[in-house]
Amino acid sequence: MIDTDYSTIIPSFAPAEGQEPIDYEKVARVFTGKHTSTMYDRQEAILLKLARIYKQGLVRRDLSNLAQILELASEKISNGAEVLIPSFEKLLALASAPFARHRSGEAAITPVDHISDFALTLARLTKMKNITTAECAARALLLLVGGRNPYETPVELKTIFINPMKMKLKEASAVKESELLAKHERETYFLQIEKSQVIETLMSILATRNEPRAQLAILKVLRKMATSFPSARKIGTGQGIPSHIPPSSLHNNEDPVFTITTEILWNLISFKDKARVAAILSKTAVDMYFHHQRSVLKDVMDKVCRKTLHYARKTLRNEFVVLLNTVAELCPDMAPMCNESGFTDTVGNYLMSHEMGGLTNLFRMSETHKVSTVIAPRFYFSNQAEDFEFKRVLMQLSMQLCVNEGNLLRLLASGLLDFLLLYLDLDANNEGVKVWTDRQLQALQLQAIGFLNNIIPKIPQRWANVNGNAVLLEYLRNTLKMPGARGKTAKDGDAGVQNRPTSGLVGGTLRLLSRISELGPSQKRALGMQGAFSVLIAILQDRNQRSDIWRAAFLICSSLCQGCKSNKMLFGESGGVETILPFLIYSSADPQETESVILAAVECIWGSICGHGPNEANFFASDGIFALLDLLSKSSYVSQRHILGCMLDLLENPKARSHVLQWRSVEDEQKGIANFLIKLWNSEEQRLGVPVGPMGTLADERKPLAGTNQEPHEDHSKDGFVVEELSENLRAKIYSMFCKLGFDGFEEEITVEEQIKLALIAKYLDFKIGEVWEEISDELDYEGIRPISPDLDCINTAKQVIVEKAQAIQQKQADLIKRKNEAERLQEDMFLSTYIKQRGISRKPSSSPAQ
Numbered sequence: 004m005i006d007t008d009y010s011t012i013i014p015s016f017a018p019a020e021g022q023e024p025i026d027y028e029k030v031a032r033v034f035t036g037k038h039t040s041t042m043y044d045r046q047e048a049i050l051l052k053l054a055r056i057y058k059q060g061l062v063r064r065d066l067s068n069l070a071q072i073l074e075l076a077s078e079k080i081s082n083g084a085e086v087l088i089p090s091f092e093k094l095l096a097l098a099s100a101p102f103a104r105h106r107s108g109e110a111a112i113t114p115v116d117h118i119s120d121f122a123l124t125l126a127r128l129t130k131m132k133n134i135t136t137a138e139c140a141a142r143a144l145l146l147l148v149g150g151r152n153p154y155e156t157p158v159e160l161k162t163i164f165i166n167p168m169k170m171k172l173k174e175a176s177a178v179k180e181s182e183l184l185a186k187h188e189r190e191t192y193f194l195q196i197e198k199s200q201v202i203e204t205l206m207s208i209l210a211t212r213n214e215p216r217a218q219l220a221i222l223k224v225l226r227k228m229a230t231s232f233p234s235a236r237k238i239g240t241g242q243g244i245p246s247h248i249p250p251s252s253l254h255n256n257e258d259p260v261f262t263i264t265t266e267i268l269w270n271l272i273s274f275k276d277k278a279r280v281a282a283i284l285s286k287t288a289v290d291m292y293f294h295h296q297r298s299v300l301k302d303v304m305d306k307v308c309r310k311t312l313h314y315a316r317k318t319l320r321n322e323f324v325v326l327l328n329t330v331a332e333l334c335p336d337m338a339p340m341c342n343e344s345g346f347t348d349t350v351g352n353y354l355m356s357h358e359m360g361g362l363t364n365l366f367r368m369s370e371t372h373k374v375s376t377v378i379a380p381r382f383y384f385s386n387q388a389e390d391f392e393f394k395r396v397l398m399q400l401s402m403q404l405c406v407n408e409g410n411l412l413r414l415l416a417s418g419l420l421d422f423l424l425l426y427l428d429l430d431a432n433n434e435g436v437k438v439w440t441d442r443q444l445q446a447l448q449l450q451a452i453g454f455l456n457n458i459i460p461k462i463p464q465r466w467a468n469v470n471g472n473a474v475l476l477e478y479l480r481n482t483l484k485m486p487g488a489r490g491k492t493a494k495d496g497d498a499g500v501q502n503r504p505t506s507g508l509v510g511g512t513l514r515l516l517s518r519i520s521e522l523g524p525s526q527k528r529a530l531g532m533q534g535a536f537s538v539l540i541a542i543l544q545d546r547n548q549r550s551d552i553w554r555a556a557f558l559i560c561s562s563l564c565q566g567c568k569s570n571k572m573l574f575g576e577s578g579g580v581e582t583i584l585p586f587l588i589y590s591s592a593d594p595q596e597t598e599s600v601i602l603a604a605v606e607c608i609w610g611s612i613c614g615h616g617p618n619e620a621n622f623f624a625s626d627g628i629f630a631l632l633d634l635l636s637k638s639s640y641v642s643q644r645h646i647l648g649c650m651l652d653l654l655e656n657p658k659a660r661s662h663v664l665q666w667r668s669v670e671d672e673q674k675g676i677a678n679f680l681i682k683l684w685n686s687e688e689q690r691l692g693v694p695v696g697p698m699g700t701l702a703d704e705r706k707p708l709a710g711t712n713q714e715p716h717e718d719h720s721k722d723g724f725v726v727e728e729l730s731e732n733l734r735a736k737i738y739s740m741f742c743k744l745g746f747d748g749f750e751e752e753i754t755v756e757e758q759i760k761l762a763l764i765a766k767y768l769d770f771k772i773g774e775v776w777e778e779i780s781d782e783l784d785y786e787g788i789r790p791i792s793p794d795l796d797c798i799n800t801a802k803q804v805i806v807e808k809a810q811a812i813q814q815k816q817a818d819l820i821k822r823k824n825e826a827e828r829l830q831e832d833m834f835l836s837t838y839i840k841q842r843g844i845s846r847k848p849s850s851s852p853a854q
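Letter 361 of the sequence shown, counting from 1, is numbered 364 in the numbering used here, and no numbers are missing.
Since the hints were derived computationally from the structure, they do not count as laboratory data.
Bear in mind the structure is a predicted one, so any value in this text is a computation, not a measurement.
By construction, the Cβ of each residue, glycine as well, lies at the ideal position given by its N, Cα and C atoms.
Among the hints, erroneous ones may be present.
[Said to hold, decoys possible] Just the calculated beta-carbon pair ranges, DEER-fashion:
#1 Leu-584 - Leu-522: 45 to 53 Å
#2 Gln-595 - Gln-544: 18 to 26 Å
#3 Gln-689 - Glu-581: 33 to 41 Å
#4 Met-572 - Cys-742: 46 to 54 Å
#5 Gly-745 - Ile-779: 29 to 37 Å
#6 Glu-672 - Gly-787: 57 to 65 Å
#7 Ala-592 - Gln-689: 26 to 34 Å
#8 Gly-787 - Leu-584: 54 to 62 Å
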């Protein structure tokens, strides 16, 4: 006999605040008691009664007790008490509704762990065999982790309004208050739930469920939680989503499970831990292939790409391929598996089959396996936006795969070079290329150029075999004739490229030419013989061209001519020397743009003219030296350093010396090259903080070149600081210029102060050698090495010699100052004697007696 009175266990519900709470301990004993554990009708009645009590929403303070009852009821159902399912689902459905909230502030004092415990119970219930019940639990959990709908007003158990006007005001206020409360609840619930074991529980259950409906319900919860970094980290690391994704869900892109799975994976790689998540995804794919000889990526790629008749499926296809591209970029270790499993061939087929007419022999596993010949079905593109985006992401994915040599060779064997060149051959009558609109075609051409930029350095001989240079140069000629290929500056940036795609094609093609020009003498000669200079110089002669295009053309000319005499000759014959000269006086509103163009022009002179007699003669005859020195006198510090280096190479030609000596400053025609170089030396000393004595004399005989603004050499483990410092200031170049021009013969042109400085410049190399000895001594001290006596004597002698040379310079400078003072005194004496003499003559009449 049962001694329990159910009317006292579950009292009638009334919305009074003084209501006695439900005795959940007695309720639990009905499910666990020795005599009542099999009384399913009574248990069903309890569940229905609870559903009636909480019909206006669950109460937070009862969540832990309700979680216990739901756990007990689920055990009964699992043990065969299916009669409880309807009442169980009815009670469970109430968890999907907003919580009831009393005016007494019950919500504010509810412990937050009640929420996490209740959520964990709902997560456990998703493993129930009854799919509908499991879905109901997952739905309730989804709403709990996502927060309540902000437009759902929590139920007020006591609401009394006095009049309609106040009622309207209260309704508006209540809605706003409820929205804020819902937002706060959503954040609070989410934070507490993600700290619990809900995610781990759902992941373990997901791995065991094969029913798509149950998988979908669980994945929806995980998708919501994956929007938070802590939750995403739990899902994506360890035994996370990659190893728990049901393979069946990946084999049909019509299944919503696949859609949600893709969204979850996107969320996982959107956080800062994306490299770690991508590594797990990659490892999962690799393990599945090598352990089961089954390429999930290849199978999924085929399924996703084939059934794409609807817009939503095409979008999903594109998102999946972008996801693969991201993983491939973050995890290059998966590239070998892609090659061996045939995934690379699959990507190549979808990328190239429309243009190439179908690919054969794609699925060869390796040379050690039996080669099977399979004709892959063609994939046709349209010019719809989704297909265009698919083409772009496929090309990007292929480029990522080609980082691996095996994948690159695989795609090359399938005709990758021919495919890319089809997009650059504007005369090609190919149906796969003609399908695109002009704007789409230009975007794909730009991407093809970038693809070639990545792979050509690895395959220069193959590039030569397909005569790629000729195709590329012809493409550049045709592109320059297109609207929008010029007349826009580089600073307009990406927005300008998007508005006028052609503007990026010229720059991209020039970058590719620059890359090819660096691949060795054979490629340089080939480009020169195939007419590269005629195209480049035409660009430089176009006064409406963009400055970044000019700069690229100059640098390519320089690169092509460096170490290649035949190209220097072609450059000169194509009018290159005459084309450069106007750019030495180039000026624009943007100083940075001006400097970048001028530096590129000087670089072109350095690479294309210096060292080639006919070009140098043409440059000298065109007053190029004068133009270069005029530019040097008004350039910035960076440009001056570059121009001086170029000038030194030009001075290797003896004929250049006379041109340099004849030059006169634009600001003052009385000033020549010596005056300017000494002035430049003084400016450099001032920049470096070198102390000087009166009239610019040498102040520190032990460190005549050292400046207070120079960075101290603190890293003694780094060798060659003094020599390395030569490239950081102008003094070495100024000294070298005087070495070419001579240190004598300027006495009549320069002042005494300039002669004093020239005496110091003449000993620059000696003083720099002294700094080298100082550096050797400091490094030996730093390493705790004491030289043997002869070596130590040698170091000390070298230091002393430098001091003596410095003293000799000081003496010479003192003599110059003395001679100057004597000359000035003599001049003053002569002036005074002349003045007195003139005064004496003028006084003579006044000294005679009056008549």
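Status of the hints after comparison with the structure:
Roughly 30 Å separates the CB atoms of Leu-584 and Leu-522, a value that falls outside the hinted 45 to 53 Å. Range check, Gln-595 to Gln-544: Cβ separation about 24 Å, and the 18 to 26 Å hint holds. Between Gln-689 and Glu-581 the Cβ separation comes to about 39 Å, which falls inside the hinted range of 33 to 41 Å. The hinted range of 46 to 54 Å is not satisfied by Met-572 and Cys-742, whose Cβ atoms lie roughly 30 Å apart.
Checking the proposed 29 to 37 Å range against Gly-745 and Ile-779 shows it holds: the Cβ atoms sit about 32 Å from each other. The beta-carbon spacing between Glu-672 and Gly-787, approximately 60 Å, falls within the hinted interval of 57 to 65 Å. Separated by about 30 Å at the C-beta atoms, Ala-592 and Gln-689 satisfy the suggested range of 26 to 34 Å. Separation of Gly-787 from Leu-584 is about 58 Å and conforms to the stated range, judged on CB atoms against 54 to 62 Å.
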